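Respectively, the protein sequence lines represent chains A and B. Quick note, the numbering used here runs 91 ahead of the 1-based positions in the first sequence. Quick note, the numbering used here runs 91 ahead of the 1-based positions in the second sequence.
FYI, nobody ran anything at the bench for these hints, they're computed from the structure. Note that the structure is predicted; figures quoted are calculated from it, not measured. Please note that a few of the clues may not be correct.
Given that identical chains are not distinguished, each listed pair holds provided it fits within a single copy or across any two copies.
[Claimed, not checked] Simulated pairs of lysine-lysine, DSSO-like, Cα-Cα distance not exceeding 30 Å:
(1) Lys144 to Lys375
(2) Lys200 to Lys375
(3) Lys219 to Lys251
(4) Lys200 to Lys219
(5) Lys375 to Lys251
(6) Lys403 to Lys200
(7) Lys375 to Lys403
(8) Lys144 to Lys403
Protein chains: 2
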Amino acid sequence: MTQAERKAEPSSQLSALNRPIHGVWSPVLVPVQDDFSIDVERFLAHARWLLDKGCHGLALFGTTSEANSFSLDERMQLLEAALEAGIEARQLMVGTGCCALPDSVRLTKHAADNGCKKVLMLPPFYYKGVSDAGLYRSYAEVIDRVADDDLRVLFYHFPKLSGVPITVGLIELLLADYPGIIAGLKDSSGDWSNTADLIERFPDMCIFPGSERYLRQGLESGGAGCITATANVNAAGARAVWDAWAAGSDALDGLDQNMIAARTAIEAYPVIPAQKFLIARHRKDPQWQRVRPPLLDLEDRQGVELLESLAKIDFDLG
Amino acid sequence: MTQAERKAEPSSQLSALNRPIHGVWSPVLVPVQDDFSIDVERFLAHARWLLDKGCHGLALFGTTSEANSFSLDERMQLLEAALEAGIEARQLMVGTGCCALPDSVRLTKHAADNGCKKVLMLPPFYYKGVSDAGLYRSYAEVIDRVADDDLRVLFYHFPKLSGVPITVGLIELLLADYPGIIAGLKDSSGDWSNTADLIERFPDMCIFPGSERYLRQGLESGGAGCITATANVNAAGARAVWDAWAAGSDALDGLDQNMIAARTAIEAYPVIPAQKFLIARHRKDPQWQRVRPPLLDLEDRQGVELLESLAKIDFDLG
C-alpha cells in the first residue's frame with residue numbers, strides 16, 4: 092500500500108488528527124541541582140525547547156519526570172512555575188496518580204483548578220494484585236472529589252514499574268460511569284498487541300503508545316499519537332514522522348526508521364539518566380546529568396558508548 | 092532436643108532477649124470512617140488493646156496500616172495522636188520510607204523529633220531494577236538529612252509489594268558507613284532461608300521475620316522476634332510462644348502449632364480486610380470492616396468461611 096492509498100483509505104477509526112487529545116507528547120525530564128532540588132530555570136528552558144522542536148504537548152510528572160521521587164509541594168510548585176512562565180495549560184498533561192487517595196485528589200484538583208484538565212493517572216501502585224473493583228473505587232473517588240466536568244482522565248498503564256495493570260475490565264467499569272471524563276490511556280507496556288487491542292475496544296478513547304516505536308502503527312490503526320520519553324532528545328524526529336504521516340508523504344518510511352534507530356540506541360541504557368547525559372553534552376552543561384535518588388547518573392563509560400552508537404545513525408539532537 | 096537442652100545450649104548468637112529491639116511487634120491496622128478518613132478513637136483503642144494483649148511494641152505505618160494509602164499529614168497527625176494518648180515513643184516503630192526523598196526525610200525527622208527513634212523504612216518503590224548504589228544514596232540522604240545519632244533504621248524487605256528487594260550488598264554498604272544507626276530488618280519475603288541467611292550474615296542486626304510462622308525458628312537462630320500483621324488478631328497467641336520460648340517451657344510446641352494454624356487460616360484471605368472483618372465481628376462494630384481504596388472490604392461470604400475455619404482450631408480473639 093502506498094502512502095497515497097493509505098491516506099485515501101476510509102477508516103472506521105477516528106483519525107488522530109480529529110481526536111481531542113493527539114500528537115507527539117514528551118514527558119519532560121526534570122533537571123535537579125546538586126542537592127537534588129528541582130532546577131526550575133533549566134526545566135523551563137527545556138520545556139520551551141521541546142515545544143519549539145515540535146511537541147504537541149508535554150506530559151509533566153510521569154516516569155520520565157521522576158515524578159514519584161518528588162514531593163507533592165515540589166510537583167505543584169513546578170506546575171505553577173511552568174504556567175507562570177507562559178506554558179499554556181492546554182499544552183500540558185499532568186501526572187497526578189499517587190498511592191494515597193488524598194494525594195491523588197490534591198494533585199488532580201490543583202491541576203484542574205489551574206486550567207490543566209488533562210491528567211495522566213497511575214493507579215495506586217503499592218498494593219499488588221488488587222481487584223478492578225478496588226481500582227475502580229480509587230479512580231472514582233478522585234473524579235468525584237475533584238468534581239470538575241472538564242476533567243479528562245488518561246490512564247497510565249506501565250505494569251513493569253507500577254506492578255498494577257490497567258485492565259480492560261477496569262476501563263469498562265469507569266467508562267460506563269464517567270463517559271467523557273475517561274478520555275484516554277498511555278500504554279507503556281511496550282506490547283503493541285495490547286495497544287492495538289485497546290484502540291479497537293475503545294474507539295472513542297485517545298490511546299497513546301508509550302514509545303515512538305509504535306507511533307506509526309498507532310496512527311495507522313486509530314491511535315492518537317505517542318507520549319514517549321525519548322522525545323526529550325528526539326522530539327523533532329518524532330514530529331517529522333507525525334507530519335509525514337499526516338501529509339501522506341513518501342518520506343514517512345525513512346523518517347520512521349531513523350527515529351526508531353535512535354530509540355533503539357537510547358533505550359539500551361537507563362532512559363532517564365541516558366537522556367540527561369545527552370542533554371548535558373549537547374548544552375555543555377554538566378549539571379543536566381544529575382538524577383534524583385534512587386536513580387543514578389549515567390556512568391561516563393556508558394555515555395561514551397551511547398554517543399558512539401548515535402553517531403552511526405542519522406540523529407541530531409540540536 | 093528438649094526445651095531444657097535448647098535453653099541451656101550456648102549460642103554464638105545474641106539471644107533475642109538481649110537485643111536492643113526485640114519481641115512480638117504488631118503492625119497496627121488503621122480503622123477508617125465512611126469517607127475513608129482515619130478513625131482516631133478506634134485506632135487508639137485498638138493500639139492499647141494490642142499492647143494489653145502482650146505486644147512488645149507497635150509498628151505503625153507498614154503495609155498492614157495501609158500506610159501508603161494515607162497522606163503524609165494523615166500519618167504525622169495519627170502518630171502525634173498516639174503519643175498524646177499516652178502510647179510511649181519507645182513502644183513504636185514508625186514506617187517512614189516513601190518513594191520521594193523529601194517525604195522520607197520529613198516523616199523520619201518527624202518521628203525522631205517526637206522521640207520515635209526506631210523507623211521501619213521501605214526503599215523508594217516506584218522505580219524497579221535500581222542499583223544498590225542508588226538505594227544506598229536514598230537511605231544515606233535520609234540519614235544525613237535527619238542527622239539524629241539516636242536514629243535506628245530497620246529495613247523493610249517486602250519484595251512482593253515493593254518490587255525493590257533489600258540486598259545483602261545494600262545492607263553491607265550502609266552498615267559500613269552508618270554503624271549503630273543501621274539497626275535491623277523486617278523480612279516480609281516469606282522465605283525463611285532468606286531470613287536465616289540475614290541473621291547469620293548480620294549478627295549485630297535485629298532481624299525480624301515478617302510472620303509469626305517463623306517466630307520460633309527465628310528465636311532459635313538468633314532472630315529478634317517477629318513483626319507480624321496477624322498479631323492484630325492473635326497478639327496473645329504470638330506472645331505466648333515468645334514467653335514459652337523465653338522460659339524454656341514444654342508448652343512451646345503446642346502454642347506454636349496453634350498460632351501457626353490461626354495464621355494459616357487468616358492468610359488464606361486478603362490479610363488486611365480479613366483482620367478488619369474479624370475485629371468488626373468481635374467488637375460488634377461493623378465500621379471496623381472498612382478499608383481504604385485500592386483495597387476492598389472482605390466479602391461477607393469470605394468472612395463466614397474464615398470464621399468457620401477459625402472455629403475448628405484453638406483460637407480466641409478475645
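Each hint tested on the structure:
| no. | hint | verdict |
| --- | --- | --- |
| 1 | Lys144 to Lys375 | within (19 Å within a copy, 64 Å between copies) |
| 2 | Lys200 to Lys375 | neither (38 Å within a copy, 38 Å between copies) |
| 3 | Lys219 to Lys251 | both (12 Å within a copy, 8 Å between copies) |
| 4 | Lys200 to Lys219 | both (26 Å within a copy, 29 Å between copies) |
| 5 | Lys375 to Lys251 | neither (33 Å within a copy, 42 Å between copies) |
| 6 | Lys403 to Lys200 | neither (46 Å within a copy, 50 Å between copies) |
| 7 | Lys375 to Lys403 | within (21 Å within a copy, 72 Å between copies) |
| 8 | Lys144 to Lys403 | within (22 Å within a copy, 69 Å between copies) |
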